[in-house]
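Student: Work the whole structure out from these sequences, hints included.
Chains as they are written, first to last, in this note's numbering: chain A, 6 to 504; chain B, 6 to 504.
Some clues are possibly wrong.
Claimed, not checked - DEER-style ranges, computed between Cβ atoms:
| no. | chain 1 | residue 1 | chain 2 | residue 2 | range |
| --- | --- | --- | --- | --- | --- |
| 1 | B | 64 | A | 417 | 23 to 33 Å |
| 2 | B | 352 | A | 256 | 38 to 48 Å |
| 3 | B | 13 | A | 111 | 42 to 52 Å |
| 4 | A | 194 | B | 428 | 50 to 60 Å |
| 5 | B | 336 | A | 417 | 30 to 40 Å |
| 6 | A | 140 | B | 352 | 21 to 31 Å |
| 7 | A | 111 | B | 431 | 47 to 57 Å |
The set of hints was computed from the structure by calculation and includes no laboratory data.
Yeah, the Cβ is synthetic: ideal placement off N, Cα and C, and Gly gets one too.
There are 2 protein chains.
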Amino acid sequence: MADNAINPTRAQNYPEWYQEVIKAANLAENSPVRGCMVIKPWGYALWENMQAVLDGMFKATGHMNAYFPLLIPLSFLEKEAEHVEGFAKECAVVTHHRLTPGPDGKLRPDPASALEEPLVIRPTSETIIGYQYAKWVQSYRDLPILLNQWCNVMRWEMRTRMFLRTAEFLWQEGHTVHASSEEAVEETMKMLDVYSDFAENYMAMPVVKGMKTPDERFPGAVDTYAIEAMMQDKKALQAGTSHFLGQNFAKASGIKFLSKEGKEEIAFTTSWGVSTRLIGGLIMAHSDDNGLVIPPKLAPLHVMILPIFRNEDEKPAVMEYVNSLAKELQAQTFNGAAVRVKVDARDMRGGDKAWEAIKQGVPVRVEVGPRDIAQNAVFVGRRDKGPKEKSGMPRAQFVGEIASILNDIQSTLFARAKSFRDENMRKIDSFKEFEEFFAGEDAGGFALVHWNPAAIGHESLPRLKVTPRCIPLDGPSENGKCIFTGQPSLKRVIFAKAY
Amino acid sequence: MADNAINPTRAQNYPEWYQEVIKAANLAENSPVRGCMVIKPWGYALWENMQAVLDGMFKATGHMNAYFPLLIPLSFLEKEAEHVEGFAKECAVVTHHRLTPGPDGKLRPDPASALEEPLVIRPTSETIIGYQYAKWVQSYRDLPILLNQWCNVMRWEMRTRMFLRTAEFLWQEGHTVHASSEEAVEETMKMLDVYSDFAENYMAMPVVKGMKTPDERFPGAVDTYAIEAMMQDKKALQAGTSHFLGQNFAKASGIKFLSKEGKEEIAFTTSWGVSTRLIGGLIMAHSDDNGLVIPPKLAPLHVMILPIFRNEDEKPAVMEYVNSLAKELQAQTFNGAAVRVKVDARDMRGGDKAWEAIKQGVPVRVEVGPRDIAQNAVFVGRRDKGPKEKSGMPRAQFVGEIASILNDIQSTLFARAKSFRDENMRKIDSFKEFEEFFAGEDAGGFALVHWNPAAIGHESLPRLKVTPRCIPLDGPSENGKCIFTGQPSLKRVIFAKAY
Numbered sequence: 006m007a008d009n010a011i012n013p014t015r016a017q018n019y020p021e022w023y024q025e026v027i028k029a030a031n032l033a034e035n036s037p038v039r040g041c042m043v044i045k046p047w048g049y050a051l052w053e054n055m056q057a058v059l060d061g062m063f064k065a066t067g068h069m070n071a072y073f074p075l076l077i078p079l080s081f082l083e084k085e086a087e088h089v090e091g092f093a094k095e096c097a098v099v100t101h102h103r104l105t106p107g108p109d110g111k112l113r114p115d116p117a118s119a120l121e122e123p124l125v126i127r128p129t130s131e132t133i134i135g136y137q138y139a140k141w142v143q144s145y146r147d148l149p150i151l152l153n154q155w156c157n158v159m160r161w162e163m164r165t166r167m168f169l170r171t172a173e174f175l176w177q178e179g180h181t182v183h184a185s186s187e188e189a190v191e192e193t194m195k196m197l198d199v200y201s202d203f204a205e206n207y208m209a210m211p212v213v214k215g216m217k218t219p220d221e222r223f224p225g226a227v228d229t230y231a232i233e234a235m236m237q238d239k240k241a242l243q244a245g246t247s248h249f250l251g252q253n254f255a256k257a258s259g260i261k262f263l264s265k266e267g268k269e270e271i272a273f274t275t276s277w278g279v280s281t282r283l284i285g286g287l288i289m290a291h292s293d294d295n296g297l298v299i300p301p302k303l304a305p306l307h308v309m310i311l312p313i314f315r316n317e318d319e320k321p322a323v324m325e326y327v328n329s330l331a332k333e334l335q336a337q338t339f340n341g342a343a344v345r346v347k348v349d350a351r352d353m354r355g356g357d358k359a360w361e362a363i364k365q366g367v368p369v370r371v372e373v374g375p376r377d378i379a380q381n382a383v384f385v386g387r388r389d390k391g392p393k394e395k396s397g398m399p400r401a402q403f404v405g406e407i408a409s410i411l412n413d414i415q416s417t418l419f420a421r422a423k424s425f426r427d428e429n430m431r432k433i434d435s436f437k438e439f440e441e442f443f444a445g446e447d448a449g450g451f452a453l454v455h456w457n458p459a460a461i462g463h464e465s466l467p468r469l470k471v472t473p474r475c476i477p478l479d480g481p482s483e484n485g486k487c488i489f490t491g492q493p494s495l496k497r498v499i500f501a502k503a504y
Numbered sequence: 006m007a008d009n010a011i012n013p014t015r016a017q018n019y020p021e022w023y024q025e026v027i028k029a030a031n032l033a034e035n036s037p038v039r040g041c042m043v044i045k046p047w048g049y050a051l052w053e054n055m056q057a058v059l060d061g062m063f064k065a066t067g068h069m070n071a072y073f074p075l076l077i078p079l080s081f082l083e084k085e086a087e088h089v090e091g092f093a094k095e096c097a098v099v100t101h102h103r104l105t106p107g108p109d110g111k112l113r114p115d116p117a118s119a120l121e122e123p124l125v126i127r128p129t130s131e132t133i134i135g136y137q138y139a140k141w142v143q144s145y146r147d148l149p150i151l152l153n154q155w156c157n158v159m160r161w162e163m164r165t166r167m168f169l170r171t172a173e174f175l176w177q178e179g180h181t182v183h184a185s186s187e188e189a190v191e192e193t194m195k196m197l198d199v200y201s202d203f204a205e206n207y208m209a210m211p212v213v214k215g216m217k218t219p220d221e222r223f224p225g226a227v228d229t230y231a232i233e234a235m236m237q238d239k240k241a242l243q244a245g246t247s248h249f250l251g252q253n254f255a256k257a258s259g260i261k262f263l264s265k266e267g268k269e270e271i272a273f274t275t276s277w278g279v280s281t282r283l284i285g286g287l288i289m290a291h292s293d294d295n296g297l298v299i300p301p302k303l304a305p306l307h308v309m310i311l312p313i314f315r316n317e318d319e320k321p322a323v324m325e326y327v328n329s330l331a332k333e334l335q336a337q338t339f340n341g342a343a344v345r346v347k348v349d350a351r352d353m354r355g356g357d358k359a360w361e362a363i364k365q366g367v368p369v370r371v372e373v374g375p376r377d378i379a380q381n382a383v384f385v386g387r388r389d390k391g392p393k394e395k396s397g398m399p400r401a402q403f404v405g406e407i408a409s410i411l412n413d414i415q416s417t418l419f420a421r422a423k424s425f426r427d428e429n430m431r432k433i434d435s436f437k438e439f440e441e442f443f444a445g446e447d448a449g450g451f452a453l454v455h456w457n458p459a460a461i462g463h464e465s466l467p468r469l470k471v472t473p474r475c476i477p478l479d480g481p482s483e484n485g486k487c488i489f490t491g492q493p494s495l496k497r498v499i500f501a502k503a504y
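Tutor: Quick look at the structure:
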């Protein structure tokens, strides 16, 4: 075994390291369908844990779930002018509803089953949901509508990467309708806060909350807000977005209501979403050259117990000990629920089992052999430390401290990611410095620069492979000058290479 | 207000009554996409509660969730001969991956984006999952594979009915792989038991567990097992199926493994599923002429509190009382979780609110006005009783008894459905009696008749609109004679009109 389980390492080749971590942790794999992945049980368990937390947050903020059709009539996509440009391009188009054997005996779409109007697999659902909302909303009494749906969507991406950009992906999309602009903006910001809370306090991934510059807005939105995280290669990952859609989609869909004063008014809408892309973010924020690292609050398993015995004679006593240890640990509470524990009783080399647990990112490993039992002790390894940094502990102490150990791993991961992010985020006040900051494949980070909308489309950006990420909401107002154009600027914008 | 809230009543027009219950309870509605429905929040909350229970049962029986692609290459459907016949017909076919404006400026599929091999939206996933499993399974050590996925599927149905038969529907599909036939059969039966447990103990819907006759098998299965429930119109609803696929799909997909003895063997697979059709079953099993009736264990809300006041002066005291009542109720436990309570504080007539709660199937309604407060009492209506059968109760008694009231409603609904089913299920021993039993639109029930496979396709069945539902597993072995052919028969088969 090399010093590290993942080859290449992050330093050697970050993109390949990412693919290898996914493989080693058994999270997902490519499918025979172009750009579509198979999410394997360990990867899906991460998504289930994310869903459970987010769903609870959505419900706590007054939302309910619903489900709208997968297929969207082609004409719906044409309703909102900017939306057409953004979404009515690379998408999966259903044109027939039957297969029939052709002259060669092979199945083919039956020409007689051609649809009058082709249907598109939803790339996002503003248009079809808006159609339905227009029927539901008559009066101000019908507002607000606060709904979310968990579903699959599809965008025919040319270059795909597992979790980060796939043709089909899983996500949630919130769609709300309000009587006033103020209320819709409030909703937009509230959901941005929910995403930020989730990213920082569950994924242990620090994020910058900010507004998108006009060129990076959701097609059809008045304002798009996002949370941006820094990965270990210093690139930015847009981890969630919340859109204030103003009246654009309400006009396109005809969502109107009679106000208290009896006047017909056009409603205001929002939409907001996060996707399985978050799993890509989680991988890249914390994992190391030994594989996946999972923040304990989202880990499908908190403790993997590895029974160690040299022969069948030693086995019964060891198994009895580890099974009772597992029960004691399961009786402990972490983050409001029982500690999740498994005994790896497979007939395999102990070292191989330990490495598997490491590669899969299990927060705590416990090795127990006859010598430990004699001392009523356990041998504990933490995933936030090196694979060989293990230490013995009295059993009772370990059981009593498991929740605080898991909390400590959670906060260590956050602190580590935050200090990395902060070290690689800096104010830059000249274009020369900006070019130097981003020059070279591995260079970069978050550059906080003054910027004016006149700089949109500046020639340097594609050359440096850099995009504006967001205008941080907590950034101070300053009297600055755009580093690209010299025009006045009141707020700094984060620029970075991005996923 | 008429005596009943739903028109027509069940007796007047059962199919229309069904649609009206869905509308009155705000469960779902049709969408602009042919055969696809919108599941509204109250309907989706039912599905979420069903999912939570079933998912827990799947995990308790050793399964994990995963996710496989929505789209299936056309050639995959051709791999299993019988499967082609069953599923490669009416399905949504994706043929293009881009839209482009045509000569009229309107979007159309870009001819340049035609796919080399069309893709089909999954009607079921045996073929695509089998392809992946073939890569995962090498040795007996890789078995069993015990996975499930929650997803949407699509079958281009010609005649659709909300929840019962829609083009797109939500379901779960379990797919497992085993080293031996015995183990796969055991899995098939285990999941049938899970479905039966869920139907009876959560949906309060009695079911018959049985094996399908050969003509009703899943295309490609060796044996199909199902749970069959009786609706209030005496028709059967197939509520869940569990398939023993033998080696058919394993051969088609190439799922092979090296046995302990080092021999290459073909694996055995199973698949099993339930869908949003269960919501249709729940509606039709329990609802009455006043709307939806929900078994408390699956109810999104257990208690609706209706504050009653004649003027603004009375309001504060009433609201304070009902809010503290709600808190007390929420502190009670039913079915392992907190009692779900809501105060309907909307500015609407109390009677309208009460009828809304009735139509939506909330198990318990509580009316509280100044007179009740004076007596520290509440006025309680149960959804399993008539809308006017309400009774006063001391507040403390009501709070203390809420869990047992909900349990009582749950068992009342089951007992009611079971006695209806039992009254309408009978042994029939001659073809003449069989014809009489089913003659007429409203006639029927479950007919237990002796039957021999030689009777498959008997002329009377389409005429009577009757199909074989299943061979009950708990039916005794008898020396009988097929009522259609006179051939020998060892087991009775249930025949019924069916959804």
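Student: Each hint: holds or not?
Tutor: Taking the hints in turn, this is what the structure says about them:
no.	hint	in the structure
1	B:64 / A:417: 23 to 33 Å	30 Å, holds
2	B:352 / A:256: 38 to 48 Å	29 Å, violated
3	B:13 / A:111: 42 to 52 Å	49 Å, holds
4	A:194 / B:428: 50 to 60 Å	59 Å, holds
5	B:336 / A:417: 30 to 40 Å	37 Å, holds
6	A:140 / B:352: 21 to 31 Å	23 Å, holds
7	A:111 / B:431: 47 to 57 Å	50 Å, holds
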